[in-house]
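These protein sequence lines are chains H and Y, in that order.
Going by full-length UniProt numbering, 426 is the number at position 426 of the first sequence; the sequence numbering is gapless.
Going by full-length UniProt numbering, 385 is the number at position 385 of the second sequence; the sequence numbering is gapless.
Worth flagging that the hints you see were computed from the coordinates, not collected in a lab.
Keep in mind it's a predicted model, so treat the numbers as computed, not measured.
Take the hints with a grain of salt, since some may be wrong.
[What the hints assert, rightly or not] DEER-style ranges, computed between Cβ atoms:
(1) HIS404/H / ALA183/Y: 36 to 44 Å
(2) ALA183/Y / VAL263/H: 49 to 57 Å
(3) GLU122/Y / ASN296/H: 33 to 41 Å
(4) ASP47/Y / ASN296/H: 27 to 35 Å
(5) GLY395/H / GLY389/Y: 55 to 63 Å
(6) ARG21/Y / ALA362/H: 58 to 66 Å
(7) GLU154/Y / ALA2/H: 25 to 33 Å
We put the CB at the ideal spot given by N, CA and C, even for glycine.
Number of protein chains: 2
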Amino acid sequence: MAEPLRIALAGLGTVGAGVIRLVEANAALIARRAGRPIQIVAISARDRSKRRSVDITPYTWEDDMVILGERPDVDVVVELVGGSDGSALACARTTIEAGKALVTANKAMIAHHGLELASKAEVAKVPLKFEAAVAGGIPVIKGLREGAAANEFERVYGILNGTCNYILSTMEDTGRDFADVLAEAQAKGYAEADPAFDIEGTDAAHKLSILAAIAFGTAVDFRSVETTGITRILAADIAQARTLGYVIRLIGMSETDTNGDGVERLFQRVQPHLVPFDHPLAHVDGATNAVVAEGNFSGRLLFQGAGAGDGPTASAVVADLIDIARGEAGPAFSVPVEELVKMEAAHTGHRRSRSYVRFLVADRPGVLAEITAAMRDAGVSIESLIQTGRADSGGEVLVSLVTHEGPESAVSEALRLLEGSASLTQPPLVMHLLGS
Amino acid sequence: MAEPLRIALAGLGTVGAGVIRLVEANAALIARRAGRPIQIVAISARDRSKRRSVDITPYTWEDDMVILGERPDVDVVVELVGGSDGSALACARTTIEAGKALVTANKAMIAHHGLELASKAEVAKVPLKFEAAVAGGIPVIKGLREGAAANEFERVYGILNGTCNYILSTMEDTGRDFADVLAEAQAKGYAEADPAFDIEGTDAAHKLSILAAIAFGTAVDFRSVETTGITRILAADIAQARTLGYVIRLIGMSETDTNGDGVERLFQRVQPHLVPFDHPLAHVDGATNAVVAEGNFSGRLLFQGAGAGDGPTASAVVADLIDIARGEAGPAFSVPVEELVKMEAAHTGHRRSRSYVRFLVADRPGVLAEITAAMRDAGVSIESLIQTGRADSGGEVLVSLVTHEGPESAVSEALRLLEGSASLTQPPLVMHLLGS
Chain H
1 MAEPLRIALA GLGTVGAGVI RLVEANAALI ARRAGRPIQI VAISARDRSK
51 RRSVDITPYT WEDDMVILGE RPDVDVVVEL VGGSDGSALA CARTTIEAGK
101 ALVTANKAMI AHHGLELASK AEVAKVPLKF EAAVAGGIPV IKGLREGAAA
151 NEFERVYGIL NGTCNYILST MEDTGRDFAD VLAEAQAKGY AEADPAFDIE
201 GTDAAHKLSI LAAIAFGTAV DFRSVETTGI TRILAADIAQ ARTLGYVIRL
251 IGMSETDTNG DGVERLFQRV QPHLVPFDHP LAHVDGATNA VVAEGNFSGR
301 LLFQGAGAGD GPTASAVVAD LIDIARGEAG PAFSVPVEEL VKMEAAHTGH
351 RRSRSYVRFL VADRPGVLAE ITAAMRDAGV SIESLIQTGR ADSGGEVLVS
401 LVTHEGPESA VSEALRLLEG SASLTQPPLV MHLLGS
Chain Y
1 MAEPLRIALA GLGTVGAGVI RLVEANAALI ARRAGRPIQI VAISARDRSK
51 RRSVDITPYT WEDDMVILGE RPDVDVVVEL VGGSDGSALA CARTTIEAGK
101 ALVTANKAMI AHHGLELASK AEVAKVPLKF EAAVAGGIPV IKGLREGAAA
151 NEFERVYGIL NGTCNYILST MEDTGRDFAD VLAEAQAKGY AEADPAFDIE
201 GTDAAHKLSI LAAIAFGTAV DFRSVETTGI TRILAADIAQ ARTLGYVIRL
251 IGMSETDTNG DGVERLFQRV QPHLVPFDHP LAHVDGATNA VVAEGNFSGR
301 LLFQGAGAGD GPTASAVVAD LIDIARGEAG PAFSVPVEEL VKMEAAHTGH
351 RRSRSYVRFL VADRPGVLAE ITAAMRDAGV SIESLIQTGR ADSGGEVLVS
401 LVTHEGPESA VSEALRLLEG SASLTQPPLV MHLLGS
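Please model the complete structure; the sequences and the hints are all you need to start from.
Given below as structure tokens:
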């Protein structure tokens, strides 16, 4: 059998421990499939003395993770530290500059610095791989970059954050409100102590920007992802959506858009959507992730699985290692960095969507007339409208409506007309409806 | 840009025409992603003068498809003729022996001769690829062979035949019977004039045997797939299943099984199953295919999409070509042929399953007692039983029951006890329940 592929691990949290467990448990099978063994030679983490779920004594300890790639006995560094900058980025840069391959699960780093790292990897002629950075154990980077590589993509979208999906589907199952379910998720370890990255949509936006770059051949543009989280969704929204035939899911959506003027622009949005019952994403529950890629020849492809967790993430990391062991290479974002198009962000006002708009209003005469007049004046056509009292809200009333398909700018205009209205007890919530 | 990858097409049916359309329509994008253009240089089919949906005049015509691979201007032959033997196999052999890569969508050929062809390809050091042979446009071969390569697979199963799934989901939606829906599917072109390969499960068995080989590292063993088609399913079965919380889907199921005696054996079965509403496969409707792979680290992965059609199949064919253009190689079945284990077929009697058993019986006293006594005598524990009259059957009565989990041999024994009973108007139908 050929020489082993020698790897170093930077970061020994749950995913790092998962990679050690996987490489040990499935060693023989990995060697058979990769054509050679994968061997962990060195490890590094912030705190050497921390209690860990795996025995790290067989591996050489290195205090400074940044220099792992400079060890002559290391072929690949696996960066599992996390964080867009800091020691993760330093480790990634040093590794590639030392002419070693880099595998990472770090979506924030790839969303912010993926282009720089991919350029460096091209110069150094080493692989840069990050399957685990998007949708955990689901091989969706490979699916887009290779499996569906023959297609022009029409849309790529999906459920990219397991914490949000767990919270939304639990709210749906139990009728409980957001804050309550979040607290439980934190207690169970399904949500971080500081959940902002997840529940405000940032994590999904990181992943979406990576998928979009691969799918559309564009430069990663995390900053232009229009991002709305799930923090304002009420149990009542979920109940209303269900009445209308929808579930609510946090969807990351990307497509290119010629915007009427023929100039191709990149549309990227993370937002809670109403997903019709008959759409495959409506059945994605709990911490599961799923990505849909619509290709001009493949039609709709769906990739679904566990979006996080040590086992699934380790599965994706080691898949990258097996690819490297087999000699698979090629540009990280499918095409060389210099061929990635720097595409302007799409304008969204002209987009034709169906929208769900929910108001919390004071329970007094004339409120409905005020809302419907604003909609009429802005040219928004209302398909359905429901007004319900809120048992728990001391006289507050919930008004939710669904519009016919029309320009999103019209809905924005209607809400502008209602700005400052004394009837509204908080700003309205807008969610779009996902087309079938 | 590097030299083009020059391909020859053998077979110009709907898929062949699809490949031509795709290579022409997405040429620039393919060249960018593959690092070099993919160029069709020669074509061949049975009848040169046949009217086709694409213009074939730009390509050199070769009367004899078997010698396409011997042309010095061809790097890869794409075999789209179909059929396990005959000119498809002759073309495949000659191509590989001439030292050229082979891409094929031919599941029957790979199921029957895949090992021989893969051995030849290893000797000749050329790629053999067949993504399009399983589940149409879904990159599931890649998903197992690469994306989930770090995992030991616990089970691999799925909906592998679009015609059957179309028929079953149409029966479900309309309440109509099998023969009626089949006739309509044939009229619409969703089912072949001779539908036997599809509806008797052979096509799904071809695909399952290929997936199992890759997943479990075993020699392809199509002949030992236990295969039951969908021809005996009644509208009444679908209605009963629904009452119990299930839909009926033709599932190809594979796993390894140590059978109590520690010897690892390969279990492969194509059979209609009752799939619980909360399983992702229960929502796979129409001609869609879906494959579930359960890995020991990845957990459950689902790959879903169009299982047939010229566009999706061409998408898979060209994905293989892009891999070849990029220099991706490696064993066709993930590991070299000599490392594939020739695993004995699993015994099934000891398998613990929940079974749905449906009887058509004469409407007279004592029949239920006869059935339940046989179940009792064979040690089968009945969880639920429904008896319903059949409006259309002249006094025939339908009795369907679901067993508790128990050895499949017990159900077989109960049916053996009932063999020859004058009460049964036709042999009972057994379907297993898919676990969640």
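Verification of the supplied hints:
Checked against the given bound of 36 to 44 Å, the beta carbons of HIS404/H and ALA183/Y, roughly 40 Å apart, stay inside it. Between ALA183/Y and VAL263/H the Cβ separation comes to about 51 Å, which falls inside the hinted range of 49 to 57 Å. With their beta carbons about 35 Å apart, GLU122/Y and ASN296/H fall inside the hinted range of 33 to 41 Å. The supplied range of 27 to 35 Å is met by ASP47/Y and ASN296/H, whose beta-carbon atoms lie about 29 Å from each other.
The given range of 55 to 63 Å is respected by GLY395/H and GLY389/Y, whose C-beta atoms sit roughly 57 Å from each other. For ARG21/Y and ALA362/H, the Cβ-Cβ distance of about 60 Å falls inside the hinted range of 58 to 66 Å, so the restraint holds. For GLU154/Y and ALA2/H, the hinted distance range of 25 to 33 Å is satisfied, since their beta carbons lie about 29 Å from each other.
Violated hints are absent here; each numbered hint is respected by the structure.
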